[in-house]
Amino acid sequence: MTFAPSSFRDPDARVLAVDGGRVVRVLSARAAAADAALRANGLLDELVRDRLLVPSAPTRDVTIPDGWAAAIESPRLPFVSYPYEWSFGMLQDAALLTLRLSERLLERGVMLKDASAYNVLFDGAAPLFVDVASLAPYEENAPWAAYGQFCDHFLAPLMLEAYRGVRFQPALRGSLEGLSVTDQLAPLLTVADLWRPGVLVHVKARALLDRRTRRLATSLRREVRRAAVPKAAVLRNLQGLHRIVSRLRSRTPSVWAEYDDANTYDAATLERKTTFVAAACERLGGGRLAWDVGANTGRYSRVLAERYRCVVAMDADAGAVDRLYRSVHGTPAARAIVPLVADLMDPSPARGWRGRERAALTERGQPDLALYLALVHHLCLGRGVPLDDFLDLACASSPASVIEFVAADDPMSQAILATKEAAHPGYDLAAFRTLATRRGRIVAETAVSPTRHLFLLTR
Amino acid sequence: MPTVVDIAPAGREARRMLRSGTLFAVVVLLALGAPRPAWAYVDPSAGSIFLQLLLGGVAGILVALKLTYRRILGWFGRRDPDAEPSAGGDSDRPR
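Just so you know, the sequences run in chain order A and B. Position one of the first sequence corresponds to residue 1 (my numbering), numbered consecutively onward. Position one of the second sequence corresponds to residue 1 (my numbering), numbered consecutively onward.
The reader is advised that the hints may include incorrect statements.
Stated by the list, open to error - Pair by pair, the computed Cβ-Cβ distance ranges are: (1) Gly355/A <-> Trp75/B: 53 to 63 Å; (2) Tyr41/B <-> Val191/A: 53 to 63 Å; (3) Phe76/B <-> Gly355/A: 13 to 23 Å; (4) Ala69/A <-> Trp75/B: 43 to 53 Å; (5) Tyr41/B <-> Arg251/A: 30 to 40 Å.
What the hints assert, rightly or not - Some chain B residues close to chain A (C-beta under 8 Å, calculated; not the full set): (6) Trp39; (7) Ala40; (8) Tyr41.
Hint data in this document are derived by calculation from the structure and do not stem from the laboratory. The model shown is predicted, which means the values in this text are computed figures rather than measured ones. The beta carbon of each residue, even a glycine, is placed where N, CA and C say it ideally should be.
Let the sequences and hints guide you as you build the complete structure.
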């Protein structure tokens, strides 16, 4: 029996690598006892009902490895996303979920062992806490051990974007430990920022204390570990952080967040595109997972959501993804659509311990269908990707794809080419057709405008 | 429970911190709970615990009392026989 590569930090619980995509956690003897107590008092059911926590139940039909006492199983979410692929609003909601959950738990004598952002996944457009084994008995007067981790994983990246106008995704992709309050955020905030909520206490004071205590003798550090912090103080801290986090707003400009309103399509073109995508879904019969690459406002993600269990709506522009996230919230499409900050030019690589802790974007499930609408000209004319290379990617990524070919004389292509010197030989409709048929089958084709053609391509 | 023998190095440490102007750090010296079964496997930085102590509003009077107590013990040279060397230099430690 082997363990999932991302699961090794908690000595009391690990996720098994079980066939069939099941999510099974094994628990140590003391964790199993604590888990049984939680189940007995109904707390877990309450949290699941309130959509804070993923459902879980003890399971007996796996072989529990030596040294472990019990196994619990949770349903697998259709798509795993990571904090460096979330928009501001997504990270903010994941933070608020973690705080709300911690508060609810603490009132009932339970605490989260950690506050890693990787404990939260998005089920559609709704965050869900998935690490059931992170719940542990609260020890009287224990400080909140995960406070520092919460700040590095959630508060600091959110503040970076809200107080400095810098996108947090590259920073979080750069380090799985989050953005260090002490080493990375504090130096960026000055005296002029002290009035901003949370900066004085959670950034500046914390950084000062961290720096002053880094070289404490081991004997003293042991005493620190035993420090007594009253439960009321921990609760106050959780509530204070909740207030601070909920007031943060992104301050970064977004090029594409206004795109849908400013673009060159007329209503009839949009309608033709929507009809084509809907017909493609119909023909393919839907499925489990779909990608909408360059999703922008998510117009077509919503069409896919009617047929696919999970639609990953990717866009390289975090502002556009954030707008999409907020707009699907509370709609039926939120069940299926996972908004994701992802750039096809630089998709998330595999990361972490042995390069296996966090999977590459392309390793997280093959989509049954991928949409590449109003994207090819950006990749090929804007970024220099050869057309045949793009088609290789499309055919390798999914058995079916809908591709919009945007000719070089389209106004949007011209806008891209306006400041470029280089010519792009071989970028035309005839070449696209030839290259596409060499790799797969063009099942349907339609012209949505004189310079734009839609293709349904299968391999 | 803290005993007389194990607090002298802490007192010495406290004085070192006092010299460097970090009085606040000594807050922890009084906040001695009993050892607990540890569930949390993440390393809470010492700084983050100090901050929680300050946020928790640990009574200043207790800080002062405990600090004074430890400093006095420190002046009498009481120390833990198996104490490890302090991280910083303490060559001016009063004997």
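We went through each hint and held it up to the structure:
1. Gly355/A <-> Trp75/B: 53 to 63 Å: Given range 53 to 63 Å: holds, Cβ gap about 55 Å.
2. Tyr41/B <-> Val191/A: 53 to 63 Å: 37 Å, violated
3. Phe76/B <-> Gly355/A: 13 to 23 Å: 56 Å, violated
4. Ala69/A <-> Trp75/B: 43 to 53 Å: Once the Cβ atoms are compared, 52 Å apart, the range 43 to 53 Å for Trp75/B and Ala69/A holds.
5. Tyr41/B <-> Arg251/A: 30 to 40 Å: For Tyr41/B and Arg251/A the Cβ distance comes to about 35 Å; the hint holds.
6. Trp39: At 4 Å from the nearest chain A Cβ, Trp39/B passes the 8 Å test, so the hint holds.
7. Ala40: Constraint on Ala40/B satisfied, holds at 3 Å.
8. Tyr41: Because about 5 Å separates Tyr41/B from the closest Cβ in chain A, which is inside the 8 Å limit, the hint holds.
When the structure is compared with the earlier hints, violations turn up for hints 2, 3 and for no others.
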